[in-house]
Amino acid sequence: MSTKEPLSHSCPGPLGDDRLQRLLREMPAPEPEVGFERRVLRAALAIRHERSESRMWWFRPMRWPVAATAFCLLGLFLAKGGLRVNAPVPALADWEAATPRTVHIVLDSPRQLPGATIRVRLPAGATLEGYRDIDTLQWQADIPAGGNRLSLPVLVTGGTPEGIIRVEIEHEGARKALEFSIPPPSKDDGGASITTT
Amino acid sequence: MNTWLTRLFHTPQSREDRFVSLVSPHLRRMYRMAYRWTMNAHEAEDLVQDVLVRLVPRVAELEAVERLGPWLVRVLYRRYVDLYRRRCASPIDANLSLESDDLERRAPARGNDDFRRAELQRALQRALWALDEEWRDIVLLHDVEGYTAIEVADILQLNVGTVKSRLHRARAKLKKSLAPGTLQISEAC
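For the record, the sequence lines run as chains G and A. By this note's numbering, the letter at position 169 of the first sequence is numbered 169, and the numbering carries on one by one without gaps. By this note's numbering, the letter at position 148 of the second sequence is numbered 148, and the numbering carries on one by one without gaps.
One chain only, chain A, in its complex shape (with noise of 0.2 Å):
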């Protein structure tokens, strides 16, 4: 067939499914940087889609961008800050109580090994918890999710200077944190 044939009978893609195939294989690193910040499955559900429903009339822009992957998340980061973060110092008053006793744990136990680990991960993660958010972005981005240090920059709009001096303050207060004598482990070794 002739290419002006083959033309005319071509159905251009839509922006819709031009938007599809762009974002598609980057949904799930997505929702789970978004989970990492948000620590909780529907917000980070939410949290995505936000950001896809500001980026459908986007599409060229997205088509132009070089490295996607970190792009999308640098949006979905700044996002998460305009959604969550900045509504730290609500005008609501933030008095609330719970019964520890009525707590859900979220670990699971699946015999000695996977508690013991569990129980790591958990004191890991109440160790990252306690950073300062600027370095526990840092450690998010970088050491859990594999970003480089320049693309952790870019993300956070940071020069890569700074993004590792922060990366080696953070993990000396992680090690710190979950030095002998700090960690509990339930069993002896």
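Isolated chain G (complex conformation) (with noise of 0.2 Å):
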């Protein structure tokens, strides 16, 4: 028995307040990945300047020559063949073009996992039917023991993306994550499944 540990810490016996408050004091959480806080301040701001329609940088008096100047190089380029954008984030027309295609991953489980936390990240340019606007879900529930099925409706835009869908499940502390990679559409119902088990 370590002499910093005291022997009350790790034997059983009677738990009073004080105790179980220094046990949950205790409780670990990790430190943030270097660069955390740049990184978070960096993409909320970048996000919400590419949002935002209200700061008129425009109109400050020392900027009006710069939008001239912007505003005759536009016209030039368009006039030379006019303007080709490859957009990385799909259009929303894009989306509702898009057809769902189910995804079926079929897995065994030995016992029952109860609040068993689901996590399903997606590749840039597919999404899940009805949550477009996000590419990670999660939620929690009860998995039975035996097999089980979970039905992912994936809406890909432009083809077969690249990359993968990342499933993970979590519970009580344990982790497994598993990777699949999108189908491409079939030919009779314009949708596709896989199965893996």
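Hints in this document: simulated from the structure, not taken from any laboratory. Even for Gly, the Cβ is constructed at its ideal location relative to N, Cα and C. Please note: incorrect hints may appear among the correct ones.
[What the hints assert, rightly or not] So the derived label-pair ranges between C-beta atoms look like this: (1) A:ASP17 x G:ARG19: 41 to 51 Å; (2) A:SER21 x G:ILE47: 11 to 21 Å; (3) A:GLU134 x G:ALA46: 16 to 26 Å; (4) G:GLY115 x A:SER21: 37 to 47 Å; (5) A:VAL81 x G:ALA177: 20 to 30 Å; (6) G:ASP142 x A:ASP17: 41 to 51 Å; (7) G:ALA177 x A:ARG58: 29 to 39 Å; (8) A:LEU68 x G:ALA145: 45 to 55 Å; (9) A:ARG74 x G:GLU31: 43 to 53 Å; (10) G:GLU33 x A:LYS164: 34 to 44 Å; (11) G:ALA145 x A:ASP132: 23 to 33 Å.
[Said to hold, decoys possible] Incomplete in silico selection of chain G near chain A, CB under 8 Å: (12) GLN21; (13) LEU23; (14) ARG25; (15) PRO28; (16) ALA29; (17) VAL34; (18) GLY35; (19) VAL40; (20) LEU41; (21) ALA44; (22) PRO123; (23) ILE164.
Put the two chains together into one complex; each comes in its own frame, and the hints tell you how they fit.
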């Protein structure tokens, strides 16, 4: 028994409020990865910049010459052949046109897993039907023993996207991650499915 | 330099700079709390970032908050409930399974004492996650993160009496879960 670790800390015995609170206070939580603050702040400000329509930077007096120059350059550019843009984020219309492909994931569990956390991460260019603005979906469920099936209605724009669907399951501190490629659309019903055990 | 001249050359802090100054001291605690709720480092970071995105245009409101730390955790908690807990009843078939022997155990094992401690912490973690969500939130905020009952009441939008009574009942349940005969330690003392 370590001298640093009081006997009462690890040995069975009546647990008082003080000891319980000390245990709770010592519950570990990992430090965020290096650069966490810079990363989240930069991302938050960048996203907000993209969304913001109220900054009106062009209204500031000293920026008028810059705006005028940019306007002229834009005119020249358009006159020479128009604008071709590869949008990294699919437009709403693309999502509307996308056909859902049902991805079935079937696995066997040797025992019941009550209150398991299920998390689905989707690659760029794919989303779940009904959850179009998010790429990660998480919920909790009781997973019964035996064969189980998870059906994911995946929407894909622009053909099969690069990347994989990542499914993570957590239960009482244990975790398992599974990765699946999105199947190509089938010819008969416009959808597709895979079954993985 | 005269005051008016100072003012003339003084560049006012941008909204972004003010935002960074306000939230930076609280980011690690927000992350820790997000981790306690989500139990996942990436989810915790995503959750904090999501909250920050929503708060950037509310700098003036943040500046008016008297105690920003608990206020930010309250916003974080609401967002966590919106993003995670309300999806518990997902329309997607939630039947999924895994082989138990494939599971990656997270607890570290660095010698006997660390192992015993890790095992005790794991038992506590299990007991904590077996609590009702309402009770667990209060224990996490009050006993784990050290917020006062008043702050917890403010974060969870409860009255202080409710916080105290739930805390009392939650502790009693935790003690029962960790009582001799319930908790199994790998090595005899």
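Is the hint on G:GLN21 kept, meaning its closest Cβ partner in chain A is under 8 Å away?
With a minimum Cβ separation of about 5 Å from chain A (threshold 8 Å), the hint on G:GLN21 holds.
Is the hint on G:VAL34 kept, meaning its closest Cβ partner in chain A is under 8 Å away?
At 12 Å from the nearest chain A Cβ, G:VAL34 fails the 8 Å test, so the hint is violated.
Does G:ALA44 hold up as a contact with chain A if the rule is Cβ-Cβ below 8 Å?
holds, 4 Å
So, G:ALA29 near chain A? Judge it on the closest CB pair being under 8 Å.
At about 5 Å, which falls below the 8 Å cut-off, the nearest Cβ of chain A leaves the hint on G:ALA29 intact, so it holds.
Do A:SER21 and G:ILE47 keep their Cβ atoms within the hinted range of 11 to 21 Å?
holds, 19 Å
Under the criterion of a CB-CB separation shorter than 8 Å, is G:ILE164 in contact with chain A as hinted?
Hint on G:ILE164: violated, closest Cβ of chain A at ~16 Å, above 8 Å.
Against chain A, with CB atoms and a cut of 8 Å, does the hint on G:LEU41 hold up?
Hint on G:LEU41: holds, closest Cβ of chain A at ~6 Å, below 8 Å.
Verify the interface restraint on G:GLY35: the C-beta must sit less than 8 Å from at least one C-beta of chain A.
At 11 Å from the nearest chain A Cβ, G:GLY35 fails the 8 Å test, so the hint is violated.
Against the range 37 to 47 Å, how does the distance between the Cβ atoms of G:GLY115 and A:SER21 compare: consistent or not?
holds, 40 Å
Does G:PRO123 pass the interface check with chain A, least Cβ-Cβ distance below 8 Å?
At about 15 Å, which exceeds the 8 Å cut-off, the nearest Cβ of chain A leaves the hint on G:PRO123 violated.
Verify the CB-CB distance for A:ARG74 and G:GLU31 against the hinted window 43 to 53 Å.
Given range 43 to 53 Å: violated, Cβ gap about 23 Å.
For the hint on G:LEU23, just tell me whether its beta-carbon gets within less than 8 Å of chain A.
With a minimum Cβ separation of about 6 Å from chain A (threshold 8 Å), the hint on G:LEU23 holds.
Violated hints for the displayed structure, listed by number in ascending order: 3, 9, 17, 18, 22, 23.
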